[in-house]
Structure formats: structure tokens, C-alpha cells
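Following the hints, put chain V in place on chain Z, whose structure we already have.
The residues making up each chain are set out below.
There are 2 protein chains.
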Amino acid sequence: MTIKIGIVGYGNLGRGVECAIKHNKDMELAAVFTRRAPESVKLLTEGVKVYPYDEIMTKKGTIDVLILCGGSATDLPVQTPELAKAFNVVDSFDTHAKIPDHFKVVDEAALLGGNVGIISVGWDPGMFSLNRLYAGAVLPGGHDYTFWGRGVSQGHSDAIRRITGVKDARQYTIPVEEALQEVRDGKNPELSVREKHTRECFVVAEEGADLDRIKEEIVTMPNYFSDYDTTVHFISEEELMKDHKGIPHGGFVIRTGSTGWENENNHVIEYSLKLDSNPEFTASVLTSYARAAYRLNQEGQKGCKTVFDIAPAYLSSLSGEELRKHLL
Amino acid sequence: MTIKIGIVGYGNLGRGVECAIKHNKDMELAAVFTRRAPESVKLLTEGVKVYPYDEIMTKKGTIDVLILCGGSATDLPVQTPELAKAFNVVDSFDTHAKIPDHFKVVDEAALLGGNVGIISVGWDPGMFSLNRLYAGAVLPGGHDYTFWGRGVSQGHSDAIRRITGVKDARQYTIPVEEALQEVRDGKNPELSVREKHTRECFVVAEEGADLDRIKEEIVTMPNYFSDYDTTVHFISEEELMKDHKGIPHGGFVIRTGSTGWENENNHVIEYSLKLDSNPEFTASVLTSYARAAYRLNQEGQKGCKTVFDIAPAYLSSLSGEELRKHLL
Numbered sequence: 001m002t003i004k005i006g007i008v009g010y011g012n013l014g015r016g017v018e019c020a021i022k023h024n025k026d027m028e029l030a031a032v033f034t035r036r037a038p039e040s041v042k043l044l045t046e047g048v049k050v051y052p053y054d055e056i057m058t059k060k061g062t063i064d065v066l067i068l069c070g071g072s073a074t075d076l077p078v079q080t081p082e083l084a085k086a087f088n089v090v091d092s093f094d095t096h097a098k099i100p101d102h103f104k105v106v107d108e109a110a111l112l113g114g115n116v117g118i119i120s121v122g123w124d125p126g127m128f129s130l131n132r133l134y135a136g137a138v139l140p141g142g143h144d145y146t147f148w149g150r151g152v153s154q155g156h157s158d159a160i161r162r163i164t165g166v167k168d169a170r171q172y173t174i175p176v177e178e179a180l181q182e183v184r185d186g187k188n189p190e191l192s193v194r195e196k197h198t199r200e201c202f203v204v205a206e207e208g209a210d211l212d213r214i215k216e217e218i219v220t221m222p223n224y225f226s227d228y229d230t231t232v233h234f235i236s237e238e239e240l241m242k243d244h245k246g247i248p249h250g251g252f253v254i255r256t257g258s259t260g261w262e263n264e265n266n267h268v269i270e271y272s273l274k275l276d277s278n279p280e281f282t283a284s285v286l287t288s289y290a291r292a293a294y295r296l297n298q299e300g301q302k303g304c305k306t307v308f309d310i311a312p313a314y315l316s317s318l319s320g321e322e323l324r325k326h327l328l
Numbered sequence: 001m002t003i004k005i006g007i008v009g010y011g012n013l014g015r016g017v018e019c020a021i022k023h024n025k026d027m028e029l030a031a032v033f034t035r036r037a038p039e040s041v042k043l044l045t046e047g048v049k050v051y052p053y054d055e056i057m058t059k060k061g062t063i064d065v066l067i068l069c070g071g072s073a074t075d076l077p078v079q080t081p082e083l084a085k086a087f088n089v090v091d092s093f094d095t096h097a098k099i100p101d102h103f104k105v106v107d108e109a110a111l112l113g114g115n116v117g118i119i120s121v122g123w124d125p126g127m128f129s130l131n132r133l134y135a136g137a138v139l140p141g142g143h144d145y146t147f148w149g150r151g152v153s154q155g156h157s158d159a160i161r162r163i164t165g166v167k168d169a170r171q172y173t174i175p176v177e178e179a180l181q182e183v184r185d186g187k188n189p190e191l192s193v194r195e196k197h198t199r200e201c202f203v204v205a206e207e208g209a210d211l212d213r214i215k216e217e218i219v220t221m222p223n224y225f226s227d228y229d230t231t232v233h234f235i236s237e238e239e240l241m242k243d244h245k246g247i248p249h250g251g252f253v254i255r256t257g258s259t260g261w262e263n264e265n266n267h268v269i270e271y272s273l274k275l276d277s278n279p280e281f282t283a284s285v286l287t288s289y290a291r292a293a294y295r296l297n298q299e300g301q302k303g304c305k306t307v308f309d310i311a312p313a314y315l316s317s318l319s320g321e322e323l324r325k326h327l328l
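Residue numbers (the working numbering), protein chains in the order written: chain Z, 1 to 328; chain V, 1 to 328.
Extracted from the complex, chain Z is given alone in its bound form (with noise of 0.2 angstroms):
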């Protein structure tokens, strides 16, 4: 038998989680929800309906497991709480400081439905907040660094966009080698935000429009730029279609800490990524998770959980048996 996905909103997220589907073969694709015309979305699997959003709740006992693909700053404070009332859920709500908040609403529907929701999975919240927690635990008294990068912050190319006469754009952060490199000696250096990274921007400007006036909106930009060292780099729209489609992404973390009597002795933890594809390997991180929440409520569990409330065993397709014997 295998579990029931649902898949609630269809862009590079929700498509993600399609693929890691197919990769996943204890699981199936079950439904598609969207809040767009259903017969304007083409699924890749065959088979598989796509339905209004608004008639997921005839769905109820049919799936599984729903995989929340909207967005953090609207769609999951809404759906993840209506939806776990009837469903076991898994988002990626990413919104740090909002997550207490989260936690409650989606605790108090999931615990009302009998439901599992599991929030805030991916990579960063998710495996890099795992790898805090287990450093933390580890080294107590130690020092936690996060780098973010390379990789294209949708947020910052998004506001590059908002600017008069900028047709396009793509905005890499980028992590200061240099700054890397003095935490891995467990230097412990205090870095400011400047120091930490640098962001790196390719901008399709529109025909006629001032480049210097463009790039200083840029660079003096409140809380996106003004507080870090920005390149700014005008190309073509060919260019830009050409080398900078995808969206890669990854970072660091790093601990460093030391052990014994005095202290006497150091000790460096780091946990790296480097991602072709952000949405994918996120849509990939849930689907986990997703074979998480499903055997967690068969085992009559219910309520919010997030990535530090779930043993690792959980997210595995292996038996206890074979991942002690193979991985252990």
C-alpha cells in the first residue's frame, strides 16, 4: 500500500514535490489543488486530477497526506490550520519570528482533526535548523554561524523588479569566503551583516533607462542592500535567460566549540549544502516528512510538529532493521 499525496498549490514548489514523488515509491500523487483554473494546470505525472482549492474538503479521508506548497507570507497562515483539521499537513512556513504563532493555530486544529501537521520543512527552517539543534546539544557553549549561498534570494530579485526601468533581474547572495574561513579556525569572529555576506545583482534594465540611477536605488535600498557590499551588473534579457534560469541555492552551518576540563581542546561541526534547484530539494525535504506525518497519526499521534520533534526514522522508506544494519 502506499501513501496518498496531495499536493495543495502548483508552482516550482508544488512541482517539486511531484517529482520527489516519483522518486519516493511508497508514495503516489493523489490530487492536485489549486487556486487557478483546474484545467489550466498540466501535471507532469498522468492519471492525476487537479481540482478547485475550494472542494479539497470532499477529499477528506481519501489522502493521505497534504503537502502545502503556497507561500509563507499569506497562503500558509490561512491553509495550514483550515487544513489540518481534516488532513495531515506538512508546510514549509518560513517566516522565523511567525513561527511560535504557527505552531499554535496549526497544534490547535491538527490536535482537534486527530491530525499530524508538521511545519516549517525544508532546508532553512528544516535541515539547517536540525543541524543547529543537534550541534547546540553536542557542543553546549560553542558558537553557531549560518551562511546562505550562492544562491538566488527571490525576495531580493523581486525588489530589484519593483524598480522604474528594471525589466528583469536575478539577485545571488553570497556567502564571504573569508568570513567562512576565520569561523572554521573557531576564531569565533562577531560579523555584522556586511561581513557575512555580499549580494551580487544581473538586471534587465528597460530600452532607454538610467543605469546610475537604477543601480543607486539599488545599492541604497533599506534592509535589501543598503546594509551589504553590492555588485550590480546590467545585461541583456538573453543573458539573462541564458545564465541565470535556474535557481540554485545551499549555505553552511557551522558550530565550533570545545571539550574538556578547561576547555582545552576545539572542535568544528558543518553541515553544507549546494542545490541546483532550491524548490526542488525543499519539495524533496517534505516529501520525507510527509511518510513522517502519515506514521506518526497511524501510530495515533495528533497534533503540530515540527523537524526537532521527530525521530529520524520516520522520514526513512528502510525498517528499523535495515537501517540499523546498512546506515548505522
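No lab work stands behind these hints, which were simulated from the structure alone.
It is possible that some hints are incorrect.
As the list claims (entries may be wrong) - Estimated spans, in silico, between C-beta atoms of each pair:
#1 V:His96 <-> Z:Asp54: 51 to 59 angstroms
#2 Z:Leu191 <-> V:Pro222: 48 to 56 angstroms
#3 Z:Thr45 <-> V:Asp101: 39 to 47 angstroms
#4 Z:Ser226 <-> V:Glu321: 32 to 40 angstroms
Said to hold, decoys possible - Chain Z is faced by these chain V residues, among others (derived, beta-carbon under 7 angstroms):
#5 Ile174
#6 Asn266
#7 Glu270
#8 Ser272
#9 Leu273
The C-beta atom is built at its ideal place from N, Cα and C for all residues, glycine as well.
Relative to chain Z, chain V alone:
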């Protein structure tokens, strides 16, 4: 109220646990048990008593978790099941091939006693195993690589010491940089034993010993050295003490895999450790899992578990709210 820890066996690992307890404010060292003469064992912690191993059962009910710091060859196969009948226990059993058998006997004993027994805790098995599991669940169909070093291998150092004419020796296991790079580049190389690691030996010979014969015996030693490119350096006892008295280790767990409908996007997940002291780091991992053993048992759980079966939150001294707020 603090968690009362007992240490069984007071070698490098036991002393490392003692140091780790000092750095974890929610724990205290309750007692140390040894098979040596107790009066010959001098602890770092003031006011803690050393007991003969034979008296350990009299301490039942006064210790929350025993951390077993004996060896995997002869100590743990006997001690862990024996002690799991009366105490929550954590061990670092690392004979990979015998883990399934060890799990079984410890499980029976721990179920009988109503205790939690966590086995094979450390960094490999342990943190490396966790990373193999997480990465494998997220990227099914990918390739796993584990490299060890640069670090001291106790077993290989001992093997050299058994050669006639050798006074002392230290052996370093070193990952081959080119192999690491091929793996990181996603080339999925098939690597022979020789292609993954080299071995470097620092040997103190007895006066008048035949150095050529010793070198030949080392590099041709089956299992230990004959399958590797091995370098032998003869040094003085003073040099060995000055430059090679530490017990550093570390290594890399790398998984490469792809996502997308036709596997068109590639990803690299890498976890690495760089440790000044192998036993102290292992001890720190053991200590964080002692916290988990205690909490799980407080919740009424019992039986044998591995790092795969334990939700990460149990390792941390922070509450669920604090973890979600600060680390997620």
C-alpha cells in the same frame, strides 16, 4: 533537579564524559565505577566517589543514567545488557557488523528492567549515521560516501606497536583529497579502499632495530595496511610525545543525488567534523543522549534505541518553545 549520571569505566572516554557533565548545567556526576582499584582512580570532579564495578547494582535507584565507557570488543557486549536491566544506559558500541545482535540483547534487557538503553552513540556510529539517514531520506537514489580523518586510529597504532622492535607508534588515517573532490563534484566515483584513504605512521623503534624490516612488516600487514598507500616515518620518542600526543579525528559524510522529473538537478549534502579530541567529542555526544535516555524513560518509554529512534529535541536542554523560537 539535575540528572544524575554514573560513569562506568574511567579511561579517555570516561574522563571525557566527566568533562562534558561539567559543561551541562542540568547534569551532575553521581558516581564512577571501575574494575581497577578504586583508590587508584583520581577524578577531576571534587566530592564524587569511585566504586568498584562489582558494587554497581547496589546503586540502583540513585542514578538516572549510566554512561558506559568501556570498549566494544569485550566490555560493552557484556555490560550494556547486564546494566540495562537495572539502569537507563548509553553506550558507544561501534563494531558495525555486530550492532543488530547487540541491539537485540540490550532491547530484551531494557524491556525487562523498564529502562531505556541507547546504543552506538558517538560520531561514527552516531552523528555520521544520522547524516547518512537524513541525506538518504531526502535524496533517495543518490550516493553516500563516508571518509574518515585526518585522525589517529587507535587500532592501527596498536597493530604497529605489536611488531618486534617497535617501542611506540601513532597511525593517522587521511582522506584522499582528489577522491573527496570527485565526490563533491557529483561524479559518483567507484572508489577502492586505496583510493579513499592513505595511512601515515610515526614509529619509535627500539635501539638497534632493523628499520627496513619494520617498515616492510607495516606496509604489507594484511587488513590493516596492505590495501593502502602507507607512509612510515621513524622518529624519536621525544618527537612522538611533542608532536603526536593528541587524539584528533574527524571526517566527512557526503551524499550526492538528483531531483526533477528526469533527475535534471544535482545536489550535494556534506557533513564534516574536525575534532581535536576524538574521545572527548564522543563523550559529549554520549552525554547529550544521556539526557534523552532520562527524558524518554521519564515519559514511560523503555527498550533499546539508537540515534535513529530519538527525536532531536530530546538532546537539548532547551524547551520546545525555546528551540522553535531560537533554532528553527
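Legend entry - Range hint compliance [Cβ, Ser226 (chain Z) to Glu321 (chain V), 32 to 40 angstroms]: holds (34 angstroms)
Legend entry - Supplied distance hint 51 to 59 angstroms, evaluated on CB atoms of His96 (chain V) and Asp54 (chain Z): The hint (51 to 59 angstroms, Cβ to Cβ) holds, given that His96 (chain V) and Asp54 (chain Z) are roughly 53 angstroms apart.
Inset, instruction - Classify the hint on Ser272 (chain V) as holds or violated, based on whether any CB of chain Z lies nearer than 7 angstroms to its CB. - result: holds (5 angstroms)
Inset, instruction - Let me know if the C-beta of Leu273 (chain V) comes in closer than 7 angstroms to any C-beta of chain Z, holds or violated. - result: holds (6 angstroms)
Inset, instruction - Take the C-beta atom of Leu191 (chain Z) and the C-beta atom of Pro222 (chain V), compute their distance, and say whether it sits inside 48 to 56 angstroms. - result: Since Leu191 (chain Z) and Pro222 (chain V) have Cβ atoms about 50 angstroms apart, the given range 48 to 56 angstroms holds.
Inset, instruction - Let me know if the C-beta of Ile174 (chain V) comes in closer than 7 angstroms to any C-beta of chain Z, holds or violated. - result: violated (17 angstroms)
Inset, instruction - Could you tell me whether the CB distance from Thr45 (chain Z) to Asp101 (chain V) stays inside 39 to 47 angstroms? - result: Holds, since Thr45 (chain Z) and Asp101 (chain V) (Cβ atoms, about 43 angstroms apart) stay within the stated range.
Inset, instruction - Go through the hint on Glu270 (chain V) and say holds or violated, using the shortest Cβ distance to chain Z against 7 angstroms. - result: holds (5 angstroms)
Legend entry - When the least beta-carbon distance from Asn266 (chain V) to chain Z is tested against 7 angstroms, hint result: Since chain Z brings a Cβ to about 5 angstroms from Asn266 (chain V), closer than 7 angstroms, the hint holds.
Going through the hint list in order, the structure does not satisfy hint 5, though it satisfies all others.
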